[in-house]
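Participant: Keeping their order, the protein sequence lines are chains H and Y.
Residue numbers for the first sequence follow this note's numbering, beginning at 55 and rising by one.
Residue numbers for the second sequence follow this note's numbering, beginning at 42 and rising by one.
Hints listed in this document are in silico derivations from the structure and should not be mistaken for laboratory results.
Among these hints, one or two may not hold up.
[As the list claims (entries may be wrong)] Computed Cβ-Cβ distance ranges for the label pairs, DEER-style:
#: 1; chain 1: Y; residue 1: 195; chain 2: H; residue 2: 138; range: 47 to 57 angstroms
#: 2; chain 1: Y; residue 1: 128; chain 2: H; residue 2: 99; range: 52 to 62 angstroms
#: 3; chain 1: Y; residue 1: 128; chain 2: H; residue 2: 242; range: 35 to 45 angstroms
#: 4; chain 1: H; residue 1: 274; chain 2: Y; residue 2: 488; range: 28 to 38 angstroms
#: 5; chain 1: H; residue 1: 237; chain 2: Y; residue 2: 262; range: 53 to 63 angstroms
#: 6; chain 1: H; residue 1: 91; chain 2: Y; residue 2: 463; range: 44 to 54 angstroms
#: 7; chain 1: Y; residue 1: 463; chain 2: H; residue 2: 96; range: 48 to 58 angstroms
#: 8; chain 1: Y; residue 1: 490; chain 2: H; residue 2: 143; range: 18 to 28 angstroms
#: 9; chain 1: H; residue 1: 85; chain 2: Y; residue 2: 370; range: 39 to 49 angstroms
Ideal placement from N, C-alpha and C gives every residue a C-beta, glycine not left out.
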Amino acid sequence: MTAPTTGVGLAAAWSRYLHCLAEADEYAAVEVATRLLDDGLPAERVLLDLVAPAQAEVGDRWARNEWSVAQEHAATHISERVVAAVAAYAGPRPTRGRVVVACMDGEWHALPPRLVAEVLRLRGWQVTFLGASVPAAHLVSYLHRHDAHAVALACALPMRLPHAHRMIEACRRSDVPVVVGGRGFGADGRWARRLGVAWAPDAPSAADLVADERTLRRTPPAELSHLADDEYASLVKRRGELVDSALADLRERAPATRDYTPAQLDSTVSDLGYIVDFLAAALYVDDDTLFTEFVDWLVDILANRGVPAPAVGLTLTHYAEALRDSPRAARLLDAGRKVVAAR
Amino acid sequence: MREGLVVCDADDVVRHVSPVAERLLPEVTAGQPLAVAAVPGLLSGDFTHHGRRLRSRRVALSSGRSCWYVEDVTETASRADALLAERARSAFLAVVGEKLGNPLHPDRAASAVVRLAVPTLGEVAVLVLAPRAGRARWWRASLADDETPVVDNGVVSVADLPPAVVHGLDGAEPHAVDWLVEQAVEAGWLPGLTSADACARVVPLPGRDVPAGVLLVARRAARWYEDADVDLVRAFAARAGAALTTALLYRDQAEVADTLQASLLPVEPAEATGVQWGTAYRPARGGLRIGGDFYGSHRLTDGGSLFFLGDVSGKGVEAAVFTGQLRQCLHALHRVETNPGRLLKLLNDALLETTQVYDRGRFATMVVGVVRPCRDGGVTLTLAGGGHLPPLVLRNSGEVEQVPLRGMLVGVVPDPRVGEQTVHLDAGETCLLYSDGVTEARGGRRGHEQFGTDRLVTAVTGCQRMPAPALAERIEQVTCDWLADGDHDDIAVLALRATGPAGRTPRHLHAVPDRATTDEEREAPA
Chain H
55 MTAPTTGVGL AAAWSRYLHC LAEADEYAAV EVATRLLDDG LPAERVLLDL
105 VAPAQAEVGD RWARNEWSVA QEHAATHISE RVVAAVAAYA GPRPTRGRVV
155 VACMDGEWHA LPPRLVAEVL RLRGWQVTFL GASVPAAHLV SYLHRHDAHA
205 VALACALPMR LPHAHRMIEA CRRSDVPVVV GGRGFGADGR WARRLGVAWA
255 PDAPSAADLV ADERTLRRTP PAELSHLADD EYASLVKRRG ELVDSALADL
305 RERAPATRDY TPAQLDSTVS DLGYIVDFLA AALYVDDDTL FTEFVDWLVD
355 ILANRGVPAP AVGLTLTHYA EALRDSPRAA RLLDAGRKVV AAR
Chain Y
42 MREGLVVCDA DDVVRHVSPV AERLLPEVTA GQPLAVAAVP GLLSGDFTHH
92 GRRLRSRRVA LSSGRSCWYV EDVTETASRA DALLAERARS AFLAVVGEKL
142 GNPLHPDRAA SAVVRLAVPT LGEVAVLVLA PRAGRARWWR ASLADDETPV
192 VDNGVVSVAD LPPAVVHGLD GAEPHAVDWL VEQAVEAGWL PGLTSADACA
242 RVVPLPGRDV PAGVLLVARR AARWYEDADV DLVRAFAARA GAALTTALLY
292 RDQAEVADTL QASLLPVEPA EATGVQWGTA YRPARGGLRI GGDFYGSHRL
342 TDGGSLFFLG DVSGKGVEAA VFTGQLRQCL HALHRVETNP GRLLKLLNDA
392 LLETTQVYDR GRFATMVVGV VRPCRDGGVT LTLAGGGHLP PLVLRNSGEV
442 EQVPLRGMLV GVVPDPRVGE QTVHLDAGET CLLYSDGVTE ARGGRRGHEQ
492 FGTDRLVTAV TGCQRMPAPA LAERIEQVTC DWLADGDHDD IAVLALRATG
542 PAGRTPRHLH AVPDRATTDE EREAPA
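Based on the sequences and whatever the hints tell you, model everything.
Facilitator: Rendered as structure tokens:
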């Protein structure tokens, strides 16, 4: 992540702002942002050139294990307060229809969609932000209650794509067009195309798309004929059993894991589960890169936390053995093992 | 013999014409070259001639002669066309049924109705809803360059409605349609069409007792509305009417439900000196936004605040209604009693009384506390426990303590044992109340394991410098991540953090916790 370069004021504010996040100093962070507004920087720029990249930096620091989860949460909370302050400062008047912005069920990365919500608000839309992890039933009943011009859904984790698809379909059944965004749909939105849904790379593009109803409604059909082989559904059914056997296998082959504390054991179990979930999502959209990108990322994260790459390889091999009758899953696991081996 | 025969010699001169062929191809005469008759389309094999659909084929005979077989397929073809048209109509109605099948928002349903009507039923479709208070709202879809129609809407006073529409709103379907187009053009509803080159139909949309509205469809006069077309418009109108009626019914019911729900939702704690509140609330799955967990606070006249978090017996709406009664009880009682222990006993008596009235066992578990700011920037908490999970305290040292608060359920026995504790929080320290939806969340490897207090303590360890709202959200997130299949009980969290004298958390405390406490932390991918 590089610091934004537009304007000297912004560049200076950038390092001050990051410092505030590190110190968990909400009031000083709000001051940094409001001073930029006082200096005449448009609210949209403050959100997109200060808050958004700072949040990405927070994520990177967590990934490098420089920041704890607690710090990441605190920093995110402060950014949310800053967003609220910037929005209150600008105080736009809604002149256009209602747009509903929400995170997928099980998604907690609420800041990026919050930024989209505020950019839409600044452009005159009447925005309802439903927040993090919105159950599909709640979203749909909201849409039935309030006439919405469009729904913007955020998904940060590709493993939520099957959920995302169900949620998109639910909105469509209510005749409300959907635009999606977030890293969960791939850096170039390729998995959004698979699911047949409009995708926006950033907040301004999302705002442009929302303003163009005809394009929003003209979406290509989903390309999911591969789901007919039932591999996805049967993998989801076998999740518990696979995680169980993978853990037993790991204990046998990597004796160090036998002395894990309960907390370490829990995070190992959830990592084993994530591997299955990402594999399932990769099967759902039938794309090797979804799984290989995840494996690459997981190896990085674990390496930064002292878990060697071969441990991931062991588990992938174990899953490959257990899923040898599922050709697509076997192909994905093989691609994943190559990623581990290449490191 | 339905097939006619035309036999030609090697020079393509007609030598024989059968009676059937004579009737189908009167131009063809024996003795003349076939080309002279110049039957258009004969060579193509499938053609229309004198209003009949004909199929022809040429068969080579010996010595260069040939024979043309000509068959009249008018009836078969029209049956096939009718079948195709019928199929197209069924497919169209199936799509309409699917799209309008959900209880939509009435405005959404209205715009969906007109959008679906174009282009199948007309180039322009206008829906006029039954008027309310002398004004009628209308939606219009018109065909654009491509297949996606443009939708707009507006309001018109009943006095300005075309007479045919008024007629339709009374439930009648106007039959004399010649002046209909003029009326629609005059109303400004048919852009790009004039009364001379357009035709239109109006059908009422059936409602609960009177029509929900009327649908006007119009297209260029090149294609008149035939009986089959009008039947299709009527079938569409029936579905559209049902959808609109459902949407209106849903809106009315949802309005009631929303109002009631809103009164049962927990109210965010009131601002209090020296305290930062953080809350999380996630009712058990479903469209319902309310449940059996509750929290809240009331400011006291002496500068302190009363706060509470609890859980009632039962589930769903009934439990939510009970929490509403409890909250109201507390609201009234805190004016006469501000000692948490005595307040719980009063509440217990009140509950027992209503239980006897309703002859139904209802009880609650809860923690009630009073927070008062101290001179050192910290706060003092006086806590009373009624059988609820003991609160946690996050100390500045990083330690997480469990407050040994016990006590019996509220609303079961007269004069219950109430646990009482006093806790001091230094500036920056946090007290955490939570419901059993957190600790009893089932997940893990096989999805049956409870989250438990130990995991909760682990999850908040190292979080002592988090703002209270972030801490509450973190607990909600960690709990939901733990849940295997998503089903859960109501989850409620109330975090209370001492902010220090200036209303700010102290800045000199470095926010980075010890590496030692975070090394083992690994969680959901960011």
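Participant: Could you see if the CB distance from residue 85 of chain H to residue 370 of chain Y stays within 39 to 49 angstroms?
Facilitator: 43 angstroms, holds
Participant: Is 18 to 28 angstroms respected by the C-beta to C-beta distance linking residue 490 of chain Y and residue 143 of chain H?
Facilitator: 47 angstroms, violated
Participant: Does the Cβ-Cβ separation between residue 91 of chain H and residue 463 of chain Y fall within 44 to 54 angstroms?
Facilitator: 45 angstroms Cβ-Cβ, so the 44 to 54 angstroms window holds.
Participant: Do the beta carbons of residue 128 of chain Y and residue 99 of chain H sit within 52 to 62 angstroms of each other?
Facilitator: 56 angstroms, holds
Participant: Okay, residue 463 of chain Y versus residue 96 of chain H on CB: inside 48 to 58 angstroms?
Facilitator: 52 angstroms, holds
Participant: Taking 28 to 38 angstroms as the hint, is the beta-carbon distance of residue 274 of chain H and residue 488 of chain Y inside that range?
Facilitator: 37 angstroms, holds
Participant: How does the Cβ-Cβ distance of residue 237 of chain H and residue 262 of chain Y compare with 53 to 63 angstroms: does it lie in that range?
Facilitator: 55 angstroms, holds
Participant: Do residue 128 of chain Y and residue 242 of chain H keep their Cβ atoms within the hinted range of 35 to 45 angstroms?
Facilitator: Given a distance of about 40 angstroms, which is inside 35 to 45 angstroms, the answer is holds.
Participant: Falls inside 47 to 57 angstroms, the C-beta gap from residue 195 of chain Y to residue 138 of chain H?
Facilitator: 36 angstroms, violated
Going through the hint list in order, the structure does not satisfy hints 1 and 8.
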